[in-house]
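Each chain, letter by letter, is given below.
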Amino acid sequence: MSPNVTSPNGTSLNGTWAEAWIRECAGVIAEHRAELNTLDRAIGDGDHGENMDRGFQAVVLKLDALPSGSTPGEVLKLVATTLISTVGGASGPLFGTAFLKAAIAVSGADTLHAAATVALLTAARDGIVLRGKAQVGDKTMIDAWTPAVDAAIDSQHAGESVVTLLERAADAAATGALATEPLVAHKGRASYLGERAIGHRDPGAESTTLLLRAAAETAARA
Amino acid sequence: MSPNVTSPNGTSLNGTWAEAWIRECAGVIAEHRAELNTLDRAIGDGDHGENMDRGFQAVVLKLDALPSGSTPGEVLKLVATTLISTVGGASGPLFGTAFLKAAIAVSGADTLHAAATVALLTAARDGIVLRGKAQVGDKTMIDAWTPAVDAAIDSQHAGESVVTLLERAADAAATGALATEPLVAHKGRASYLGERAIGHRDPGAESTTLLLRAAAETAARA
Amino acid sequence: MKKLINDPKNVVNEAVAGFEAAHSDLVRVSHDPIFIVRADAPVAGKVGIVSGGGSGHEPMHGGFVGAGMLDAAVPGAVFTSPTPDPILAATQAVDGGAGVLHIVKNYTGDVLNFETAADLALAEGIEVAAVIINDDVAVKDSLYTAGRRGVAGTVLVEKIAGAAAERGDDLASVARVADKVNSLVRSMGVALTPCVVPHAGEPSFTLADDEIEIGIGIHGEPGRERIKLEPADAIVDRLLGPILTDLPFVSGDRVLLFVNGMGGTPQVELYIVFRRAAEVLAEHGIDIARTLVGNFTTSLEMQGMSISILKLDDELITLWDAPVATAALRWGR
Amino acid sequence: MKKLINDPKNVVNEAVAGFEAAHSDLVRVSHDPIFIVRADAPVAGKVGIVSGGGSGHEPMHGGFVGAGMLDAAVPGAVFTSPTPDPILAATQAVDGGAGVLHIVKNYTGDVLNFETAADLALAEGIEVAAVIINDDVAVKDSLYTAGRRGVAGTVLVEKIAGAAAERGDDLASVARVADKVNSLVRSMGVALTPCVVPHAGEPSFTLADDEIEIGIGIHGEPGRERIKLEPADAIVDRLLGPILTDLPFVSGDRVLLFVNGMGGTPQVELYIVFRRAAEVLAEHGIDIARTLVGNFTTSLEMQGMSISILKLDDELITLWDAPVATAALRWGR
Ligand SMILES: Nc1ncnc2c1ncn2[C@@H]1O[C@H](COP(=O)(O)OP(=O)(O)O)[C@@H](O)[C@H]1O
Ligand SMILES: Nc1ncnc2c1ncn2[C@@H]1O[C@H](COP(=O)(O)OP(=O)(O)O)[C@@H](O)[C@H]1O
Ligand SMILES: [Mg+2]
Ligand SMILES: [Mg+2]
Ligand SMILES: [Mg+2]
Ligand SMILES: [Mg+2]
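Chains as they are written, first to last, in the UniProt record's numbering: chain U, 1 to 222; chain E, 1 to 222; chain H, 1 to 333; chain D, 1 to 333.
Just so you know, not all the hints are guaranteed correct.
Unchecked claim - Keeping only pairs whose Cα atoms sit at most 25 angstroms apart, straight-line, the calculated DMTMM-like set for lysine to aspartate or glutamate is:
| no. | chain 1 | residue 1 | chain 2 | residue 2 |
| --- | --- | --- | --- | --- |
| 1 | H | Lys2 | D | Glu202 |
| 2 | D | Lys2 | H | Asp209 |
| 3 | H | Lys180 | H | Glu127 |
| 4 | H | Lys2 | D | Asp237 |
| 5 | U | Lys77 | H | Glu115 |
| 6 | H | Lys2 | D | Asp233 |
| 7 | U | Lys133 | H | Asp141 |
Claimed, not checked - Distance windows between CB atoms, simulated:
| no. | chain 1 | residue 1 | chain 2 | residue 2 | range |
| --- | --- | --- | --- | --- | --- |
| 8 | U | Ala220 | H | Ser183 | 52 to 58 angstroms |
| 9 | H | Ile227 | D | Trp331 | 37 to 43 angstroms |
| 10 | D | Gly241 | U | Lys133 | 55 to 61 angstroms |
| 11 | D | Asp313 | H | Pro33 | 39 to 45 angstroms |
| 12 | E | Thr81 | D | Glu315 | 40 to 46 angstroms |
| 13 | H | Ala44 | D | Trp331 | 23 to 29 angstroms |
| 14 | H | Gly97 | D | Glu279 | 35 to 41 angstroms |
| 15 | H | Asp210 | U | Glu31 | 36 to 42 angstroms |
| 16 | E | Leu66 | H | Asp210 | 42 to 48 angstroms |
| 17 | U | Glu31 | H | Asp246 | 42 to 48 angstroms |
| 18 | H | Asp179 | U | Val60 | 40 to 46 angstroms |
Stated by the list, open to error - Footprint (simulated), chain H over chain U, 3 or more residues, beta carbon under 8 angstroms:
| no. | segment |
| --- | --- |
| 19 | 39-45 |
| 20 | 92-102 |
Calculated directly from the structure, the hints in this document are not laboratory data. The model shown is predicted, which means the values in this text are computed figures rather than measured ones. No residue lacks a Cβ here, since even glycine has one placed at the ideal position from N, Cα and C.
Sequences are here, hints too, so could you generate the full structure?
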């Protein structure tokens, strides 16, 4: 049996979860590498899967060297610096900043209750907006992140468990990613295409969904 | 009715024939342009039809300005200088020299009996050999020219008409051109291919056949 | 996909190693992280100039490293902006005490990664200025998009800013001249065929045998519109229209006319394009004072080209004519 | 066929007109008959150097006209040797009283047309010498063939003979140096894709998606053998084998290593090739004293490359390093 990732009553997530989450991210990104490239080829330059996979493979190597018992914040900080220095492109600095801001938001905490988890997601999203200046509807990863953050906040207000909170966030991200399809883009490479971007899903919104789904699934694997 | 190209008894060819022959050459070359390109693409650089067509189109323009009543030698000289200055490639100097030497061989004559016709063909062939140094079997236009010259000599010895003489020459050229197919080339671009030239007909031998066939057909159109 | 490569993962590594072997008289190469600096870097007292971006646009930028042009080039993975680490390392390697100018093409990834590197360099006490290149008139302005892309005009900025740095201008002046060139250059491109990114193994888009893409970028991304193949002259006219009206370029202007190959188009076609472009400028009373023709800002093996026009004045002409000694652009020494 | 052209019949005319418009500082152009001369031709007292051949190999030869290299280039139709008329006219235009060297690639058509032009020039009192370039080791020797072809090694002959003429060598000496370079250079090429001659509109041959042609010439003619696509390093090894054993090049030799693109191959691949070639030469103890990488002797849009190796001595190094100012090759001025 794998080590616990949540507190016995399921109300908080620990450093073991954070590490499991990130390893799961690496797995699903590798699995969806080609698919993300294909999405990016349609309205970008075809490298989003490649970029994310290069980054998360590097993260996994770094995780292997991380002392056990690290806090969620320590794990996320490592992810941030590794993504920043290995991914490149637009997604490297954006996801890198997201994890960096998330790490700062939860720094010091050994476990993350619902409020801290919301803080983590909010800081991540705000970090991306800070760097990329995208709004909802611009057909970027923000179209997945912002609904996810909103759903997490609703879930926290409803007093749901962190597992449920993450599931709702992932579901909202998925819906948000799907909703990018009919849009014209206003940020990123897809914006160069004008009307021709219509009908294609934003790759960064899709990868965001994969990362948040991984968060929910690893949390649920109690 | 078109003007006479042969003497009343069919034993000699005149300047009108020479001009008709060359106009016919221009016609058949234009007609077979793509085919000659295709033969050349297989074992050369794909331009033989283009080269010959460019040359003979230029010749036709020049012929229009030639005084009527010109001798065969005058017609052939014009063909020679025009081909040399418009065709380029290997075939330009080779056919150019052929017509130049042929013109010299019949210069001064108003009409060409069998002996003069043989001299014309022989000089043409010898001119090509002088410039290109090819032997029969090297898979070049010489594989059409030399059998044609030999057949013309035989025909002359047999006392046949110039029309028949040219028909035999054209037939021999056609057989010679066909016989280049199984050969490895030792001259021209096809020689670079080694065994890979086997199975393809030499484009210059094919165009030679077209020119000689045109000679026979215009002679026969009494 | 047919390419002269060993492994898609090693394309950049191996190409940079080959570049080092071929041009050791002009450059030195760092392999981890990957960047290329001029052989005598850092040049004490001279402003350093660093450019970079995804690979696949060669000779841009490595081919422009050398006296009179770039001090360093930072190649990322194919069509992917480099990360901040090599940009920072290159910035440090070329800092001669007079500060460093970053020349950045306007793509979200390039801008963000160079921004981070600049922050880190600043934290280490290196003064950094940045100029963002956005010469591509095929893209609508930044109200609706990520802003115009940096394309072949970048080469002209790098040459001219490089000359300014070489003659001893300070950082603010070099940045000013780079900005000035960027403000005076306009470009637009066309693709006849897509390109194939090595790791993808498939064309970046598909075009029918009689289709071309107008307003293409340099990353194999689709262009502004897809039309039927036309004669070269008609295509040139299509590109020149938006370019000329944008600045605008008007009668009496002196310009540099730059016809840039996308990598797979034969030179003979680039000159056919140049001929028509020169004809059109003459009709407009625009004086072609300087010219550049060739493959400078490419998209791997893409067939196509872009046209760039830079409005010149005496200062820019002097800097353009100044000596340059790089692998891809060289004169005067 | 997708090309940036107007009419296949006007490809050479229009490209030459574009070349003239782009490089009026370096060359002058005659349009009927077509040839390109350096701007200051004829240079009194200097041996004139004329090269030429079919078009479609640009920048060869027009891109090499200028101080320190060719005095004139005579472009024929695409892949077709020019006729004697323009060769004669170019020879007359560059004769500065010291005679003229014809640099001719060994193809039947080129040899015959240049021969005729030389005869005609001689008849006009111009002293003409000719050197026939035959550096392609893919072709068996002339007992069995039309002899080895002249390929990318021609560029090296033109640069070095040009430098000899520029420093004032007499015709016999310039011819000797050209012959010497030809005798010391060996080349071999590979094609990944065919090219499309404009008037033909179809590829010169067909290759499956996983096939390449080894021992290709520069006219879209098929090569020596067709093999399955291999990693770049293996392909380089295949070309270097016949090249190295032919001269032979041996340990201790100083050489110029030249990786030439066929027109459609991205630079990044040429450098991957260069890297491996340099590695192999190092293993053989051969010293790479000079290098050249790029598209210099092309076959329209063909993807592929050739490797040329020239054995150097002090004389050749001095002449190679001498200043040259042409559209495609420039240094030292
Ligand atoms: N300004 C921005 N704000 C938020 N996300 C952005 C922005 N620009 C691009 N993105 C995201 O980045 C994704 C593309 O990432 P990637 O393909 O890795 O980088 P690049 O575009 O440099 O090739 C897009 O799908 C989009 O979601
Ligand atoms: N040395 C030679 N002697 C005789 N004929 C030759 C020789 N070399 C080439 N040819 C002929 O020239 C023809 C090719 O002509 P063409 O395609 O017009 O010129 P190029 O080979 O220069 O492209 C060949 O088919 C062959 O018949
Ligand atoms: Mg991308
Ligand atoms: Mg031919
Ligand atoms: Mg990218
Ligand atoms: Mg030819």
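The hints, checked one at a time:
| no. | hint | result |
| --- | --- | --- |
| 1 | Lys2/H to Glu202/D | holds (20 angstroms) |
| 2 | Lys2/D to Asp209/H | holds (7 angstroms) |
| 3 | Lys180/H to Glu127/H | holds (20 angstroms) |
| 4 | Lys2/H to Asp237/D | holds (18 angstroms) |
| 5 | Lys77/U to Glu115/H | holds (20 angstroms) |
| 6 | Lys2/H to Asp233/D | holds (14 angstroms) |
| 7 | Lys133/U to Asp141/H | holds (16 angstroms) |
| 8 | Ala220/U to Ser183/H: 52 to 58 angstroms | holds (55 angstroms) |
| 9 | Ile227/H to Trp331/D: 37 to 43 angstroms | holds (41 angstroms) |
| 10 | Gly241/D to Lys133/U: 55 to 61 angstroms | holds (57 angstroms) |
| 11 | Asp313/D to Pro33/H: 39 to 45 angstroms | holds (40 angstroms) |
| 12 | Thr81/E to Glu315/D: 40 to 46 angstroms | holds (43 angstroms) |
| 13 | Ala44/H to Trp331/D: 23 to 29 angstroms | holds (26 angstroms) |
| 14 | Gly97/H to Glu279/D: 35 to 41 angstroms | holds (38 angstroms) |
| 15 | Asp210/H to Glu31/U: 36 to 42 angstroms | holds (39 angstroms) |
| 16 | Leu66/E to Asp210/H: 42 to 48 angstroms | holds (44 angstroms) |
| 17 | Glu31/U to Asp246/H: 42 to 48 angstroms | holds (45 angstroms) |
| 18 | Asp179/H to Val60/U: 40 to 46 angstroms | holds (42 angstroms) |
| 19 | 39-45 | holds (count 4) |
| 20 | 92-102 | holds (count 3) |
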